[in-house]
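Peer 1: What follows is each chain in one-letter form.
Number of protein chains: 4
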Amino acid sequence: MFDEIHEECGVFGAYRLPQASLITYYGLHTLQHRGQEASGIAVMDQGKISIQKGKGLTIDLFTKESLKKLKGETAVGHVRYSTAGGQENANIQPIVARGLKEQVAVVHNGQIVNEKELRVELEKEGCIFQGTSDSEIILHNIQKEKGSLYERVKKTAAKLVGAFSLIVMGEDELIAVRDQKGLRPLSFSKMEDGYVIASETCALDILGLYEHTEILPGEIVRFYKGIVSRERYALPSFQYMCAMEYIYFARPDSDIESINVHAFRKETGRLLAKNDWIEADLVVGVPDSSLSAAIGYAECAGIELEQGLVKNRFVTRTFIQPTQALRDRGVRMKLSPIKDVIEGKRVVMIDDSIVRGTTSRRIVRLLKEAGAKEVHVRIASPIITSPCFYGVDTSTKEELIGARMSEEQIKDYIEADSLKFMSVEELKEAAGHVGLCTACFDGAYCTPLFSYQEKLEN
Amino acid sequence: MFDEIHEECGVFGAYRLPQASLITYYGLHTLQHRGQEASGIAVMDQGKISIQKGKGLTIDLFTKESLKKLKGETAVGHVRYSTAGGQENANIQPIVARGLKEQVAVVHNGQIVNEKELRVELEKEGCIFQGTSDSEIILHNIQKEKGSLYERVKKTAAKLVGAFSLIVMGEDELIAVRDQKGLRPLSFSKMEDGYVIASETCALDILGLYEHTEILPGEIVRFYKGIVSRERYALPSFQYMCAMEYIYFARPDSDIESINVHAFRKETGRLLAKNDWIEADLVVGVPDSSLSAAIGYAECAGIELEQGLVKNRFVTRTFIQPTQALRDRGVRMKLSPIKDVIEGKRVVMIDDSIVRGTTSRRIVRLLKEAGAKEVHVRIASPIITSPCFYGVDTSTKEELIGARMSEEQIKDYIEADSLKFMSVEELKEAAGHVGLCTACFDGAYCTPLFSYQEKLEN
Amino acid sequence: MFDEIHEECGVFGAYRLPQASLITYYGLHTLQHRGQEASGIAVMDQGKISIQKGKGLTIDLFTKESLKKLKGETAVGHVRYSTAGGQENANIQPIVARGLKEQVAVVHNGQIVNEKELRVELEKEGCIFQGTSDSEIILHNIQKEKGSLYERVKKTAAKLVGAFSLIVMGEDELIAVRDQKGLRPLSFSKMEDGYVIASETCALDILGLYEHTEILPGEIVRFYKGIVSRERYALPSFQYMCAMEYIYFARPDSDIESINVHAFRKETGRLLAKNDWIEADLVVGVPDSSLSAAIGYAECAGIELEQGLVKNRFVTRTFIQPTQALRDRGVRMKLSPIKDVIEGKRVVMIDDSIVRGTTSRRIVRLLKEAGAKEVHVRIASPIITSPCFYGVDTSTKEELIGARMSEEQIKDYIEADSLKFMSVEELKEAAGHVGLCTACFDGAYCTPLFSYQEKLEN
Amino acid sequence: MFDEIHEECGVFGAYRLPQASLITYYGLHTLQHRGQEASGIAVMDQGKISIQKGKGLTIDLFTKESLKKLKGETAVGHVRYSTAGGQENANIQPIVARGLKEQVAVVHNGQIVNEKELRVELEKEGCIFQGTSDSEIILHNIQKEKGSLYERVKKTAAKLVGAFSLIVMGEDELIAVRDQKGLRPLSFSKMEDGYVIASETCALDILGLYEHTEILPGEIVRFYKGIVSRERYALPSFQYMCAMEYIYFARPDSDIESINVHAFRKETGRLLAKNDWIEADLVVGVPDSSLSAAIGYAECAGIELEQGLVKNRFVTRTFIQPTQALRDRGVRMKLSPIKDVIEGKRVVMIDDSIVRGTTSRRIVRLLKEAGAKEVHVRIASPIITSPCFYGVDTSTKEELIGARMSEEQIKDYIEADSLKFMSVEELKEAAGHVGLCTACFDGAYCTPLFSYQEKLEN
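Residue numbers (my numbering), protein chains in the order written: chain A, 103 to 560; chain B, 103 to 560; chain C, 103 to 560; chain D, 103 to 560.
Take every hint as true, because none was put in to throw you off.
Because identical chains cannot be distinguished in the list, a pair is counted as satisfied if it fits within a single copy or across any two copies.
Result set (DSSO-like, lysine-lysine): computed pairs, CA atoms no more than 27 Å apart in a straight line:
| # | residue 1 | residue 2 |
| --- | --- | --- |
| 1 | K413 | K436 |
| 2 | K436 | K171 |
| 3 | K557 | K203 |
| 4 | K557 | K150 |
| 5 | K436 | K470 |
Think of the hints as simulated: they come from the structure by calculation, not from any bench.
Build the full structure now, drawing on both the sequences and the hints.
Peer 2: Put into structure tokens, the structure is as follows:
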């Protein structure tokens, strides 16, 4: 399903570490798959924040020189998949408040569903917003509460409904928070005399830190005066980790709630094969994200795994799309079949999900064009039927093929010889002890939706 | 071995095609793995050449607007891995001669070994060179010969010794040439009323053109007045296709001399496993180029294939390398092990080649750090012992670990539990009917080396 | 004194004009002498604001395409001379508030002296500041007041102490305000069915609009529903137009309070000559700003005006300054004497002001080096002895040569044969009916200084 | 006439000077008025040339870092006004030949009229041209001759017909040449233990070097082994210094053939006034280039000199021109009248030349719009009737208003109340002992024109 779903963020924090900005740079680089549109790093030095942020990949935006200017031992960073709309620059994170007494920076992954309600309330009290992001709302609320920064963040977290993994930077202080349902991941590790915090454990691993502590749902963790203190700001709740983190977003080498992402995906492949016997010659995964599931499927089904599709590694956003006329002549850019592998074969094509169906249809056609005798599509997730309001860009209901068509109709639309999705139950089985949010599959939203309820009903 | 060996070019040509520059853009994008440093497109319109070239990826360099300005139905393009040295811009291709009578553009993949001899001769006759590339020498020689452009190119080709796949653009004319030994690939396909030529067939496939004609070693092919004519400019010779094209450079979906690159690599994996029984739990390929060989090895050895290493897709040249201090703390950026997969396992790690050995050692260490009980390294090519003078950047003999150490010593150096390379004979077996140049493995250069002989002997 | 004093802004507004963004572009271009560091334009279209702003000259920042994207018939623009300090981007204007009910943009020229007091108050009420500019404070205050946008702007203006010429943009509404003392200029003209507002009349003239209305000190003017309404928000006060606007900042073709700037400067030259008879051969003005005064001096003194100094038109901020070693060898870049004109002559050199004295000394030396027999410096303004807190960047008292030295000492420092400044009285005479703020000459600040008082006393 | 005529170059050389590249940077910056489109510097260090060149102003193109990379004690530099056409980059100077034995760089100011003839000859001998400039031809010819670099340059100079001031850089060697007619200026000065060479003396002055030696027409000067040797390569001829250098191109502080440019211009103004009595109130020069002539006119006529027009200093090429609709409404960008000065006055407007007449008409209209009662235009040069083939971009004959209209008709076209040009005789009088090329005024070309003859006759 590649390039059809987008998450909007990855966050990173470094506490009491020399070269905090450089470490954050490496962290953001490793989280880049969570957002390629914009990057930013803010550092705190003696109560003053320096910041650099802008559009582009972390490694394109920052240079040795620019990192040197970001002095300080405490830092927060952010990568972002930007949504459409004017003046996006005002939404790039970290977002900074420069008060007379103190300076504060915030990075945020997720989406607040009572955003409008909070915004109205804050505006009534006279807040002025320069951008349109919910991160600005969080920052304003933090500043409006009473008490120390830690107390204000805690009060703010208790008011927020939805998905959020936050890191707030004050003077010699980082505060990390996860929402009550645990929708978005957030972990930390000790590093020398300090700490690093990251959306995914892969960004800790690359620093040689294999011991991770996951921040709990509803927990607030304070890195202050050199030590860590942990506290719950909300009542315990059943966990609702976003299923899409496991299925698509996270890097295979990350662990989420102690379950390895690659292992999860392999297990979905295995479960797909278990109750679905089909005669075929090859299993082909759609690169890159479906490779793990394909390995699991091939192993369980006893069918040969093959590399039947090649992905162009150099595709970026600035790419000039082929016109329809060129497409009709067969021109395509991102994926190519290996004809030698595919020709004359019955292929099981494993993909991680189907959103609009257009990409799946294109790949099926590619395989047929390359001579596949049959193409059996197996999707390592259930049918997406409902939009997400917790930070995944699955846009509107109308664009979701699964909201309009049955499995059989989708099969016809994508021109496959057969099609199977996983059931929600199978998916939950793959997650073992981890509770999943499966709202996009079954509409079971784990929080009230406030003004988004209306959007859902239309 | 990824990022240790570089080839220097990919070439593309479009003849009598509306939107020739756009088609060339797609072609170069698909050949981008052959060179990421610079790109260029020249088009011919009524005897006049327009050109755009510069540093950067094809998709970053060209825009819809800039392609529109490259009007004309005949085009040549080039992607380049640039060598070090001043004023590189003068070496970016295509190179153009703007005479009073006619304008000519040349693109070139390969390396001429009698370059200096030709240069001296041309300078004696008064030629002035602005850059340092052998492509400029080829262009000058073409212009100095007598007769039509076609005759001049033919005479020039006969003088060149070494590796070259050339495309020359004149008015309503493309001329494609391959060296006598067939060291570098070059193919073409009919497209509508015109033709496209490319270094690799993957760049023809993506245009929906699955029927390819390989230009023969020692052949010159003229696309002129709408038709193709083929002729030999040199005596037939045994073929010496660069083995590295199969092993590392080419995209797995390309066919070279009718042998699919992925299939070749899978076969090398199979051959590695065939005579080498080892007890292990997992086969892990070093991404991306070793995946095919890993599939072949796993299949033949009956050991489970696993995705044990994850590569960061966003690494580019501008990347800030971790300092030694950070490296010592375990920081690394490009590859990460999946601990969950590796821990406690005996791993067969498949890589395509070893150049300096430092990368292999780093990966072995990564796997051990992630808990691998044993790491057995299998290399899907022979030991590299000699430099290449035919366009592969294997630099000097001193940097080649295989020129200084035995297999056993290399094993110790890279800290593997065991190490096996392929034999040159096994490699040739995988190539079937295709004759290979294996000079980098056995020093059997297929041409005289002229002034490079001296470099070899030191 | 060129390049020693900087003002910080020029503002422009366009109301109910098709191509409002293009007209604003021309307006800002004409106000560019008031600030070259950054430019910005915001337009209002059906309640939504689009904005483009960034570092650089207006003509470098905006393109035809980018202006087309700034759709709407109401616009505000700003040019800025940026002060030092981190994250300057947050201070570039226009500054926008994006509320749920309405969007508002503000541009501001001047400096508020009760800035800190307002900031503390606003922060107490929970405002969060992202930048460090007083413009953000103005915007926040506007949003915090009660009532319609117009009422809120009016209440805000009444709270502000210091120098400000503001334009506020709401939906189909522009509101222009000048401070009670009238320190910074602001005028408007009718254009077709709409209006344009500008810091200087030269930006109205270039649109072919020679009929200007100056906004009065303490006045608020509303452009709303197609008509203009004017009202006073503050009690009348004696006027204190910034003398530096006449002396240095404004373009010679601007009128300020109906007095032409060139005419004012010529008059200062005349007054300088009137009571100061000196035998000399030539009058030379330091280009560009002192030419008007030189004409006046030459005319009144009956001494020949000559072009003795040539200014390099291509100097910009990125210029590499000559090292001291090169300077000692006589290397200099911006001004050159015409030796042929100067040699053997007694020169009256007219400059508009002296700030640190280093530039004056350099020019005197240049003239002597070119053979001037005598150099008599005449300054078309009084000695600067006090810093400005109303928007002129005369930095700290220590840097002002006039705060440390007498006229005689300055004469010796700049190595002139004689030196004369104007008296404050003469300056006021040149301004005729217009009351001037002469605080930088005599310390007579026209408002309380709040926290700046302290800075003054140190 | 500003922005209607363009010259194409300025050249600079530094010999045996530490920081040669930095000195060249300052030199080029001072010659920037001769070409703003592109800049380049090449330095020689131990037989190897390093080069940086590109589009843009010298100060925008080079940084401290980039100049540091240009190591070496010998340098040549170039500023260029680029002509239209594809692949301009190949024409940016310096142009470098990188041979096996030696490397050579060339910079060139002027235009060769037997360019095509030389090109054909060189192409016959097999030379290949990458660009379209005559500088490349000169370089090729130098390399094709026999003997030492000095001998080859000398032989080449003897073959060239037209206007050229050349600097050629070899190893520890600079060779400077001026054409036989002396059409373009070129001077040098001793600086410490080395030398600097420049198109105009203003670029020597700014280094503190007021002692200049003008290279003679037909002379070749060699800076070699630390000393200077001078020789004639051509027979003496009457001098034909380009009149436009005095009238428009050169900076007023430059001396050409020992006559100061400002003094020349002032004299043209004086001569214009001498035989032309007219009753008027003001003399206004069109900035910047006509100020000198205006001073001369005012002085001689006894009419007050005024600054009636203000030029926007920030106009660059990227400027968005007002549409005709906006122009019709009076919008204009570059020049503004000072209404206060002009209104009700009879104005003598001094300009340096008229090319197409459109600019003059625009300025006359501006002055009338600002209330001028009468506008009497006086042009400090004769009517331009013929194109230039010696390096001045006066384009085609059709575009020259003087080729199509009489003085009376031009007067009507530009809507002036009266109009007077200088006679060619008066111009020559102003030049004193210096022989002028006045071909653009009287068609008396000082060399054969070769293939350009034809262009002239059409």
